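Residue numbers (the working numbering), protein chains in the order written: chain A, 598 to 1010; chain B, -4 to 166.
Just so you know, these hints were derived from the structure itself, not from any lab.
A hint or two may mislead.
[Unchecked claim] Distance ranges between label pairs, derived from CB positions: (1) B:Glu66 with A:Ile605: 47 to 53 Å; (2) A:Ile860 with B:Arg128: 31 to 37 Å; (3) B:Gly23 with A:Val776: 39 to 45 Å; (4) B:Asp95 with A:Glu749: 50 to 56 Å.
On a predicted model such as this, the values are computed, not experimentally measured, just so you know.
Where is the CB? At the ideal position from N, CA and C, for every residue including glycine.
Here are the chains, one letter per residue:
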Amino acid sequence: MSEHNQHIQLSDESVAKQTTTLNLGPTHPATHGVFENILEIDGEKVLSAKQTVGYIHRAFEKIAERRPYYQITPLTDRLNYCSAPINNMGWHMTIEKLLGLKLPKRVEYMRVLIMELSRISDHLICNSVVAVDTGALTGFTYVFQWRELIYEIYEEICGSRLTTNMGRVGGFERNFSDVAWQKINKFIEGFPKVMKEFEDLFTRNRIFMDRCIGAGPINAERALNYGFTGPNLRAAGVDYDLRVAEPYSSYEDFDFKIPTGTIGDVYDRYLVRNVEIWESLSIVKQAVQKIAEIEKADPAQKNIFYAPESDKYHFPPKEDVYTKMEALIYHFKMVMGEIAVPPGEIYHAVEGANGEVGYYLISDGGRTPYRLHFRRPCFIYYQAFPEMIKGGLLSDAIIALSSLNVIAGELDA
Amino acid sequence: MALTNEIVKNRLTEQFGDQLTGWEEPYGMLTCTMPAGINLKVLQFLFDDEQLRFRFLTDLTGVHYPGRPGEELCVVYHVHNMVDGVRMRLKAYVPLEKPDVFSATQLYSAANWMERETYDFFGVNFVGHPDLRRILNVDEMEHFPMRKEFPMEDPTRTDKDDEMFGRGGIV
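Kindly generate the complete structure, drawing on both the sequences and the hints.
Written out as structure tokens, the structure is:
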């Protein structure tokens, strides 16, 4: 009988030292994604953390070098899959900027509407998951019904829910259906009460506050140095928001506030995201109103869902493809990636749900990008995590991770 | 007075003379090329100067141009002055045999992982980086996959004409 030697052998060094090494992840239920942290802990106190990333790296930048432009949209879905439409729209806007396309106001407002709905759904997940990690599951299951409604709206608009592949260069693939509008109105009516209740449940909850206040803080200077953007930077007290700093898609027409925090801890990030949900809801309402005004002034606008001059880039309606020669030719050319895109170098960024999502595109005039780089906010700010949790408790590290809203897909591209 | 591309360009030319070349403004973003040997000096100047204040590193990445002997790899920096809302793009070209640029980690903590990523995919050697290891790929990998000599699909396939799908063959 062979002697079994499968038991774990601790090295002498490991036995001799006073601290404990703890593997948090890669697949830990509390990390909500594939993150590996090797923590050195002294009792409950975190001394250091070593991060490993890249578990779900899918080489999107390399794949993009062989794909026609419209086929890259599904890749952008899979970056931050909690708010895929924002990534889709950002990518379309990058190409539109390269082509010099100007969109009709109605289309831009429709985009704003969708982007703000996805911001709400992303922030809802993040905040309710922070609550789950402090031990309260109720809020999470409660708001998920409303996230579900947002996903139903996506479904009405583009046919899919999580990885949406929504919109096309120059606008949308089809107009919003009546059911989509009904669901948007249902959301606008019903959601505020739910959000109010969600806030009542946590914002002044003694246990929640005790857990969150002072956990995983970062000051404004360090946050900027670490390349923070989005709600995490604003929680540290810097009022930087791309929607205001460099308005795209007619954000300058909307009236909204940029909330900021003070010390950049978990509680600040939670509060900033909550206020942003309210602001996004207000933007959604304004967008619906503005679209209604446009349609009232000119009923013909009801059928505008893409830029008229973008017909070379926009798939023709399916029934035309089967009956009209030109439509068939355009369809074929688009599918084969034969669309002329000018050579150029461009950086375009949009305010994603957790920071500045940037697209750095070099086109040499070919049918695919020469080089495409995604600026992924998660990848850049996740490096600050060891510094943020150093000296804190292990349980603080868990909620700090969920409040940073690190999305594995965006982290690893 | 608001900071404009014109002012940034003049300030930089004043400081570095004709070492900075290739000035252009594609889609409104000021772009220039700096020699790889002074990349950190330029970034430091942009960071420290009271008027310029480019203190935010937005992005750092690489590009491979196999057709340019002696300057095959390009390291691209996007820096941002958040106060005035001005962005700038800086490029440093390095040869494939000696791809050395100075690391910006002392200036921006954010550069740490971005430089590791650029090293991982393009093999750019960031001199002075505290921990220059692969980040997204496995440690045992022996090549730099974003370089253009690595085609996306098996190049020996004969059943599919690559010219019809995406970028055919090696660029």
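Hints, one by one, checked against the model:
Checked against the hint of 47 to 53 Å, the pair Glu66 (chain B) and Ile605 (chain A) passes, with Cβ atoms roughly 52 Å apart. Separation of Ile860 (chain A) from Arg128 (chain B) is about 33 Å and conforms to the stated range, judged on CB atoms against 31 to 37 Å. Between Gly23 (chain B) and Val776 (chain A) the CB atoms are about 41 Å apart, so this pair conforms to the stated range of 39 to 45 Å. One distance hint, 50 to 56 Å for the beta-carbon pair Asp95 (chain B) and Glu749 (chain A), holds here, with the actual separation near 54 Å.
When the structure is compared with the earlier hints, no violation turns up for any of them.
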